[in-house]
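**Q** Okay, here's what each chain looks like letter by letter:
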Amino acid sequence: MKYLFYPGCSMESSALEYKDSMYASLQALGAEVEELEDWTCCGASVAPVMSDLLGMVLPARNLALAERSDGGRPVIVGCSACFLSFQRTIEAAADRVRLEKMNQALEVEGLTYHGKAQVRHLLDVLANDFKRSEIEAKVKRPLTGLKVAPYYGCQTVRPYASFDDGQAPHSMVGILEALGATVYHHLHEATCCGTALLTTKPEIGMGIVGTILEDTTAADCIATVCPMCHMNLDSYQDKVSRVMGKKFHIPVVFLPQLIGLAFGVSEEQLLFKRHMVPVGPALARLPA
Amino acid sequence: MTSSEVINLTAVKRDLAFGDRLIPAAQHLSTCIQCGTCTASCPSAAAMDITPRMMWRMVQLGMVDEVLHSKTMWLCSICYQCQARCPRGIPLTEIIAKLKQLAIQQQIKEWRESTTFYLTFAGVMRRYGRMRELEFMARYFLSTNPMEAIGYTTMGLTLFRRGKVHLEMPKLGGKGRLDDLFNRVAELEKQQ
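Residue numbers (the working numbering), protein chains in the order written: chain A, 1 to 288; chain B, 1001 to 1192.
Keep in mind that the hints were calculated from the coordinates and are not lab data. None of these values were measured; they are calculated from a predicted model. Among the hints, a few may not be true.
Stated by the list, open to error - With a cut-off of at most 20 Å between alpha-carbon atoms, the simulated EDC-like pairs for lysine to aspartate or glutamate come out as follows:
1. A:K2 - A:D20
2. B:K1190 - A:E100
3. B:K1171 - A:E12
So that you can see chain A by itself, here it is in the shape it has in the complex (with noise of 0.2 Å):
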């Protein structure tokens, strides 16, 4: 399979693991991987309250340049907020008058969206185009015995569940068992991380995260696919345990990352040191 990739502000920076994670996976299972030139950010969900057609436009921008790149690719994309800007958009541009006002703003850009352009979520690739037995065949050092609990989060999922149920999604249980993990099962799996709160309301915020973390405590490391997800679950713990008055200490890793160390990808290649709470303990337990 061939896909272009949009990587994102996020994977660029502060989940760089994710990105280098996702690369070490996809290659070996056999998938063409080549980088979007040029592209700019999502807008996330800042620029739809700046006003509707940015909102629209700064995806497009994208949009347009994959559509110039090479037609039939799909982008992956494993930001869950950049895959919400541009479902928003293709899901706009059905509509020939939107798509227009779209392309009147691009011109400065030289840059003409057809609507045609297919975006797709990282953990879909994952789950969908291959099979368990693709991905049993490449595990070199099965995760027996970590108990891995599925984060999703919710802009994954929600409101475009075009892979997965907006309530109760599934698709990172596949990949985890045949990776031989255990998959820990929890009732926060699909809840809201708090995105911005962490940083404009933190009292709040880190509620919602404490929620997370107290129903995950039971598990080795919790598995994410979104760049704010893993930020804030993993970077607050310290703060979370003050304010909630209980020590949280849990390693929360990206999925793909998991999937690296299973098919014996080192260690350091996948950026484990960069997280805040540390995974190698976890990690120590496994089979050698």
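For this one, chain A is given, so just place chain B on it according to the hints.
**A** Showing chain B alone in chain A's frame:
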């Protein structure tokens, strides 16, 4: 305001075209049956001064000031749970973005930490074309509550040691990467 309080509609200023100003997102809002699924689904409802269900009723009734000055919209973390579960299929989360647009346009001061978040984010995006997380956070804290930043010092240093934070020189003058596109969008929005 509590959920049991009776609102005297003759005593409040009302704008019966309020819902129309949120269109197209809000065209189905008049079909809201006040079931409260939105409130029950909202992770932040407990901290709101007006619950989501009450807010949608107030929008129907044209109570612009009460809605735009409440902190309800700023506590929305855009998780789409209310929208996904609304039995009427109303795009509630999308309408919240429209409410935030109006609140920012009208320069409503109360929730400055939230409006500053959006405006600062948009500014960095426009200047570089991509988000620069460190510069964004620095600008955000400087323009809201610099003292608050101190509480993040330990976390920030650890993030830096882990290689999570990238140091880049801020660009102070000159043309922004997306200036042309932002300006063109502003022109087109004015024409409407």
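**Q** Name the hints, by number, that the structure is in violation of.
**A** none
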